[in-house]
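Undergrad: What follows is each chain in one-letter form.
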Amino acid sequence: MKQELFVRRHEPEWLALERWLDARGQARKARNERRGWDGIADHEMPARYRRLCQQLALARRRGYSPVLVERLQQIMQRGHSLLYRTPPPRWHVALEFLLSGFPRQVRAERGCMLASLALFALPLVVIFVAIQLKPELASSLFDPLQLAGFENMYDPKDPERKLGRDSETDLAMFGYYIWNNVSIGFRTFASGLLAGLGTVLVLLFNGVSIGGVAGHLQAVGHGDPFWRFVAGHSAPELTAIVIAGGAGLRLGLNLVAPGRRRRIDALVEGGIRGARLCLGVFAMLVFAAFVEAFWSSIAWMPAWIKYSVGAGLWTLVLGWLLLGGRHLGPTGEHDGGAA
Amino acid sequence: MAVIDGRAAAVPVLDTCREVVTPEGVALRLPAAGPMPRALAWLIDFMLRMAILVAGSMVVGMLGRGSMGPYLILLFSVFWLYPIAFEVLWGGRTPGKRALGLRVIAANGAPVGWLAAFARNLLRVVDMLPFGYALGLLVSFGDPWGRRIGDMVAGTLVVHDSRTPPPATTPPAEPMAAPVVLLPHEQAALVAFAERAPRLTQARQIELAELGSPWLQARGDTAVQRLYGIANGLLGRRDPGPHGSGQHGSEQHGSEQHGSGQHG
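Chain order of the listed sequences is W and Z.
In terms of UniProt numbering, the first sequence has 89 at position 89, counting the first letter as 1, and numbering is strictly consecutive.
In terms of UniProt numbering, the second sequence has 124 at position 124, counting the first letter as 1, and numbering is strictly consecutive.
Hints were generated in silico from the structure; no laboratory data involved.
Honestly, I wouldn't trust all of these hints.
Listing some non-contacts, in silico: residues in chain W with all C-beta distances to chain Z over 12 angstroms [what the hints assert, rightly or not]:
1) F6
2) Q26
3) W37
4) R51
5) P66
6) L122
7) Q146
8) L163
9) H222
10) A266
11) G270
12) A303
13) A311
14) G312
15) T331
Taking CB as the label site, the calculated pair distances span [as the list claims (entries may be wrong)]:
16) Z:P23 <-> W:E18: 19 to 27 angstroms
17) W:R9 <-> Z:A189: 49 to 57 angstroms
18) Z:A189 <-> W:L5: 18 to 26 angstroms
19) W:T86 <-> Z:L200: 38 to 46 angstroms
20) W:D38 <-> Z:T222: 46 to 54 angstroms
21) Z:D143 <-> W:S139: 20 to 28 angstroms
22) W:L5 <-> Z:A51: 52 to 60 angstroms
23) Z:V21 <-> W:R9: 54 to 62 angstroms
24) Z:I44 <-> W:A118: 40 to 48 angstroms
25) Z:V21 <-> W:G25: 19 to 27 angstroms
Derived list of chain Z stretches under chain W, where covered just means 3 residues or more per stretch with a C-beta under 8 angstroms from a C-beta of chain W [as the list claims (entries may be wrong)]:
26) 113 to 125
27) 146 to 153
28) 180 to 193
29) 197 to 207
Just so it is clear, the structure is predicted and the values come from calculations on it, not from any experiment.
For every residue, glycine included, the Cβ atom is placed at its ideal position computed from N, Cα and C.
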């Protein structure tokens with residue numbers, strides 16, 4: 001068929017499609033203009049779109065002019081991006097993900113999570129114990145100025161002061177914790193792309209430095225204010241860093257050992273699963289920042305209240321991670337694909 | 001739906017178009033964007049972010065230390081959430097990408113989703129290594145579609161936004177048959193010439209048309225006119241419409257009515 005005849009025969013269809021895409025392509029616009037619409041009915045759209053695809057294939061095969069092919073391809077692209085878009089996120093889906101989807105996903109990666117926990121907790125405990133036995137070890141980890149700063153922040157002789165800070169307000173520290181801790185969490189995950197090495201380094205470094213600070217403060221007798229400070233927010237904060245580490249390790253592992261898949265496919269899968277884990281990590285760290293800024297720093301609260309709230313939060317976080325979503329059945333290696 | 005786009009597989013494409021075969025079995029051609037326009041788009045975004053932060057710090061300066069917290073949250077949002085939010089909510093475009101006519105899409109041609117946008121922007125951390133996106137640049141030079149590492153892992157692609165093509169008309173000329181037998185790709189080239197030549201200079205039109213002089217047996221302006229005529233013949237235009245575009249337009253209009261009558 002000659003091109004001119006082809007165009008003449010199908011032009012009205014294309015114009016109608018273009019008109020539909022202009023008028024009804026955006027959900028908000030479509031809702032406003034639902035009444036008084038006299039073009040293609042919405043339910044006819046997929047069939048019309050498939051017809052267009054066939055016409056485009058025909059046009060390409062018959063070698064019709066590039067301008068015509070380009071025009072058809074544009075209509076097709078607009079239709080494609082409408083028919084195959086990801087559904088918009090909804091509040092109840094987000095809530096469901098947080099309550100059951102995220103813990104399930106964490107449990108689905110239990111191997112990586114345990115490895116991440118070991119990389120973080122082992123150096124922490126080892127350094128802590130080592131400093132109790134040989135307090136001078138702390139000065140090889142931190143320089144004297146830093147040590148003096150830590151001691152000053154948790155000085156038991158100054159009971160009126162807020163715990164864990166010099167003079168900033170709660171709100172300023174809230175902002176600081178969000179900026180600092182969430183960035184660390186995201187970086188812990190992303191650096192897993194360096195064959196997992198970046199994540200390993202971040203986890204080791206954090207384990208050593210947290211263990212070092214805690215060990216030093218305990219050794220010089222500033223333990224009480226320090227433990228009162230960290231009891232509350234440690235549960236969401238430390239677990240979130242471990243989970244981000246686990247996601248990073250999974251990504252690195254998929255790069256190094258993709259198994260029976262193309263390496264790029266393994267990476268894409270690891271990336272999407274990691275991104276889902278990072279969404280949960282983000283929520284946990286924002287919650288931790290809130291606790292750290294507005295609760296942990298209160299100095300006058302009796303120690304037993306602080307410790308019981310801390311224990312309650314640990315129970316809550318661990319219970320959530322271990323039990324959340326159990327009613328949906330056992331979690332497997334390939335869990336959490338849909339939400 | 002049984003038509004398969006045979007040409008797509010047979011002819012290697014010599015540009016950065018990525019061909020994605022959709023569920024309908026038709027190849028969607030996506031023109032991937034290279035590092036240069038993407039770097040420029042990033043630069044525009046960077047300046048915009050800096051402007052937001054400077055404005056934020058001025059507010060902090062006026063309100064005193066108490067507003068440091070909101071400022072740090074603003075810093076966090078500008079650093080991490082700005083690209084994610086824009087890419088998802090604004091059709092795959094940050095302001096910088098919009099200025100450069102770029103768009104982020106999923107590798108299968110669909111709009112980019114929340115998770116993919118989240119992943120590709122988190123992984124900027126790796127692309128930035130060791131400084132100034134050096135790793136991302138290096139990788140995108142090696143990739144046929146100019147993707148950085150974050151794009152590969154998130155399964156996304158940055159493409160040039162397609163522009164509306166000019167109306168497909170050839171200049172009016174008496175339709176004529178070609179004096180020699182033309183192969184399909186030669187026919188396509190002739191039609192493409194006729195559609196694009198009016199936007200070239202006269203000299204260039206003649207220069208191109210005279211490539212066909214040996215078999216057209218004409219030179220200069222006559223060769224151009226003959227090529228237009230042959231293109232019209234190939235397209236199947238019966239009505240020559242020699243007196244300008246007004247008549248041509250009415251002819252188009254008439255044919256539309258004819259077409260709809262045929263269908264109705």
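Undergrad: Evaluate each hint against the coordinates.
TA: Hint by hint, here is what the structure shows:
{"no.": "1", "hint": "F6", "result": "violated, 8 angstroms"}
{"no.": "2", "hint": "Q26", "result": "violated, 9 angstroms"}
{"no.": "3", "hint": "W37", "result": "holds, 19 angstroms"}
{"no.": "4", "hint": "R51", "result": "violated, 9 angstroms"}
{"no.": "5", "hint": "P66", "result": "violated, 5 angstroms"}
{"no.": "6", "hint": "L122", "result": "holds, 25 angstroms"}
{"no.": "7", "hint": "Q146", "result": "holds, 22 angstroms"}
{"no.": "8", "hint": "L163", "result": "holds, 18 angstroms"}
{"no.": "9", "hint": "H222", "result": "holds, 26 angstroms"}
{"no.": "10", "hint": "A266", "result": "violated, 10 angstroms"}
{"no.": "11", "hint": "G270", "result": "violated, 7 angstroms"}
{"no.": "12", "hint": "A303", "result": "holds, 27 angstroms"}
{"no.": "13", "hint": "A311", "result": "holds, 28 angstroms"}
{"no.": "14", "hint": "G312", "result": "holds, 26 angstroms"}
{"no.": "15", "hint": "T331", "result": "holds, 19 angstroms"}
{"no.": "16", "hint": "Z:P23 <-> W:E18: 19 to 27 angstroms", "result": "holds, 22 angstroms"}
{"no.": "17", "hint": "W:R9 <-> Z:A189: 49 to 57 angstroms", "result": "violated, 25 angstroms"}
{"no.": "18", "hint": "Z:A189 <-> W:L5: 18 to 26 angstroms", "result": "holds, 21 angstroms"}
{"no.": "19", "hint": "W:T86 <-> Z:L200: 38 to 46 angstroms", "result": "holds, 43 angstroms"}
{"no.": "20", "hint": "W:D38 <-> Z:T222: 46 to 54 angstroms", "result": "holds, 50 angstroms"}
{"no.": "21", "hint": "Z:D143 <-> W:S139: 20 to 28 angstroms", "result": "violated, 49 angstroms"}
{"no.": "22", "hint": "W:L5 <-> Z:A51: 52 to 60 angstroms", "result": "holds, 55 angstroms"}
{"no.": "23", "hint": "Z:V21 <-> W:R9: 54 to 62 angstroms", "result": "violated, 26 angstroms"}
{"no.": "24", "hint": "Z:I44 <-> W:A118: 40 to 48 angstroms", "result": "holds, 45 angstroms"}
{"no.": "25", "hint": "Z:V21 <-> W:G25: 19 to 27 angstroms", "result": "holds, 23 angstroms"}
{"no.": "26", "hint": "113 to 125", "result": "holds (count 10)"}
{"no.": "27", "hint": "146 to 153", "result": "holds (count 3)"}
{"no.": "28", "hint": "180 to 193", "result": "holds (count 6)"}
{"no.": "29", "hint": "197 to 207", "result": "violated (count 0)"}
The structure is inconsistent with the numbered hints 1, 2, 4, 5, 10, 11, 17, 21, 23 and 29, although it conforms to all the rest.
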